[in-house]
Amino acid sequence: MIRLRGVHKAFGEKVVLKGFDLDVPRGATVALIGASGAGKSVVLKHIVGLLAADRGSVAVDGREVAELDQEALYALRRRVGYVFQFAALFDSMTLVHNVEMGLRRVPGLSRRDIRRRAAECLELVDLEGLGDRYPAEISGGQRKRAGIARAIATRPRYLLYDEPTTGLDPVTTTVIGRLILRLREEIGATGLVVTHDLGTAYEVADSMAFLHDGRVRAHDAPGEIRISGDPVVRSFIEGAPELMETLA
Amino acid sequence: MPGKTLDFVGATGRAALRFAGTVGEWGVLMQDTIRGLRAVRIWRHLVFEQMMRIGVASVPIALFIAAFTGIVLALQASYTFTGAVPVYLVGSLVGKTMIIELGPVLTGLALAGRVGASIAAELGTMRVTEQIDALETMAYDPAAYLVLPRVLAGAVMFPAVTLLASALGIVAGWLTAIQLLEMSTPEFVRGLETFFVPFDVVFSVIKSFSFGLTVTSLGCFFGFRTRGGAAGVGRAATSAVVASSMVILVFDAFWAAVLL
Amino acid sequence: MRRSEVWVGVVILLSVVVAVAGSFWLRGYRLTRGTTTVEALFSGVGQLTDGASVKLRGVTIGRVNGIAVEPDGTAVRVGLAINADVRLPADAAVLIAPESMFGDWGAEIVSRSTNPRLDFFEPSDPAVLPGFSIPDLSRLTATADQIADNLATITDRVEIAFTQETAENLRLVIENVGGVSEQLAALVDAQIGAVDDLVENVRTSTSQVSEAAALATLTLAEVERLLSGGVVDSIVGDTRVTAAEFRRLATDLRETTTGLSTTLQYADSTLVRFERIGRELETGEGTLAHLLADSTVAVQTQSVLMQLTLLLEDFRENPGRYVRLSIF
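Residue numbers (my numbering), protein chains in the order written: chain A, -2 to 245; chain B, 959 to 1218; chain C, 488 to 815.
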């Protein structure tokens, strides 16, 4: 269970989060939607302790992230798989080595186990046979999938997706969306998907949270969000800036 | 007028605070790096690769610079020593200068450009493409995984490269002396011997050791704090080279004052 | 990965080898190629060291290679590694002397016949060259005062035999030799310290002294030449001829000019003194006679003056060098 309460975060003058609340229940997949630059990725980074909140509480499994010592923080991070926006693959390593990186930090895994699991993960994202390629040698969609394989390698309890479909063609977008669904079934991870791609959000999410102006403006089932009466939400869903203007 | 003065004072204060803040951030990174020493399993496998990239790959440029420095030293020394100064002092000057000053400093500066910039650019790219964040989310300590192997490699390889460079510089000076300056080998060697003390070599090692720490740690530091895409990576590389070059020269003076 | 480990190892080990072995190599190096070694015996070698240059007619042809006291302790055997293709004079002998103001000494191979008065060490083995060590600067300067005194007496006596200008210059040189030699002695004692004052003093009198020194050198060279001709008699003879000519000149002057009595008196007194010098020379009395008879004094004087000339020229060209020689 991931729980954020009243989170404030500013970078210098720029205030990004002003009292952000969100619950991601165990087993659920929540899509966090919102305009580009609204601070969606910032929320994810708080959950794994890459960023520390100025104010407010970020708790995973009931433990405050900011209060964890380094060992506990590493233990938390091993329970969380993080899929980065541009995959963030280590370009000096082959895909297999990328996937193995996280596994090497899991205590008690033999070298054989690591190799076997890495192969499994690549297979799970349909990249078997590309393990010896370097990130620069594969396509954008393949990189995304490799990033996902790396994130799931440690069999995390939580999977955080940062814009998993941004910059992909519609077909690949659908492939990734289905992959997220399949992973949910196969490893049963709780998911938080940050995206501004509504199609993916509708497809994979149990509920959708709409981030606007540093807060969650609306949090509801995809069906409800789709028919929301809130002009701000409508403006985003319909891609109609003039609705925002009437509000202002 | 008082307003302008205040502005100036304020700007000075702000610059000083920013500088102190930067030094402090560097200190924090170094503290993390030292703490990272405990995570032997993380960095053990990476040190050799960094030694290869930082040290071995830098040997050609260091030797190139040293060779020409040796030649120039010999030529200019013989040009300077006219009249009553005996010509064998060319050997002394080439040897002494290569070992205690130009060997370490020129190698340090050259490697500040080569190694410092490459570390800053590499880590900067990793920073802006979130690879460093990715490391952290995979429970790796970036200080132990990225910084420590580079700093250790620099500390070991800078002295090694410097010693080779100094030696080649002296050889180049010697060849110049016997080929172009009508000096003889014994004359040159006699000059080398006259002022040579073994502590010079120790001094050279101490200096280049500190230069190695400087270049690699500053390269990592500026790489880590990279912001803003490709332009940010470029700025990080530039800052790393400029800062390490300056710190190298400061250290150079510092060691000369403390140890000589 | 394994490859990189090897390379790293190569660089590190190589650097250690270079650092350690390089230092040893510096001590062990000797010239071996295309050279032949000749040996010479000396009663002493001053500050000659291994690696010092060996010259023939001013050209460096080799290195000093090995200096050892003979087992019986009566001489020093010096090895000279010289170019194999250089032919030495048949009556070769070796002179060693300071090369510069820095205490570095060199050896010069000379022909013995051109230096008949030098007291070469005589080796019993004909393959070993005789050697002579020219007194170093400190010893020369120690005797410079005495030489200066002698010179003062000499000039007093020969003042009128030379032109007025020569006498004037000689006087200058003597004054300055006296002054400079004291300071030189201090310089040699203190090696490099406190040279600044000297530089200051010397700089002011440099031009005068070097001119005078050059002139004095010439003069003494003339004396030397006369001596090597070996005819003191001819000096005396020449003096007589000169005196006769002066007398004829005086007669001429008396005939052609009146009212120049002062000149005549001057000429007369000149002749009187000149004739006295001639007599003294014949009887072997007087300082000049001593000087002419004792060739080593002349050689030493000449050597001092040459050293001074060199030193002063260098002072004038590069005064900064003597203020503080610190390269590093």
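Be careful, since some hints might not be right.
[Said to hold, decoys possible] Label pairs and their computed distance ranges (CB to CB):
id : chain 1 : residue 1 : chain 2 : residue 2 : range
1  : B       : Arg1185   : A       : Glu68     : 28 to 38 Å
2  : A       : Thr171    : C       : Gly496    : 46 to 56 Å
3  : B       : Leu975    : A       : Ala218    : 28 to 38 Å
4  : A       : Gly185    : B       : Arg1193   : 39 to 49 Å
[Unchecked claim] Facing chain B, a subset of chain C residues (Cβ under 10 Å, in silico):
id : residue
5  : Leu501
6  : Gly509
7  : Gly538
8  : Ala539
No lab work stands behind these hints: they were computed from the structure. Cβ atoms here follow ideal geometry from the backbone N, Cα and C, with glycine treated the same way.
Going through the hints against the structure:
1. For the hinted restraint 28 to 38 Å between B:Arg1185 and A:Glu68, the CB-CB distance of approximately 29 Å keeps it satisfied.
2. The supplied range of 46 to 56 Å is met by A:Thr171 and C:Gly496, whose beta-carbon atoms lie about 53 Å from each other.
3. Distance hint for B:Leu975 and A:Ala218: a CB-CB separation of about 51 Å, inconsistent with the stated range 28 to 38 Å.
4. Between A:Gly185 and B:Arg1193 the beta carbons are some 45 Å apart, a value that agrees with the proposed interval 39 to 49 Å.
5. Checking C:Leu501 against chain B by beta carbon gives a least distance of about 6 Å; that is within 10 Å, so the hint holds.
6. Taking 10 Å as the C-beta cut-off, the interface hint given for C:Gly509 holds, the closest approach to chain B being about 6 Å.
7. About 4 Å separates the beta-carbon of C:Gly538 from the nearest beta-carbon of chain B, less than 10 Å, and the hint is met.
8. Using the Cβ-Cβ criterion of 10 Å, the hint placing C:Ala539 at the interface with chain B is satisfied: the shortest such distance is roughly 8 Å.
Hint check: a violation occurs at hint 3 only; the rest are consistent with the structure.
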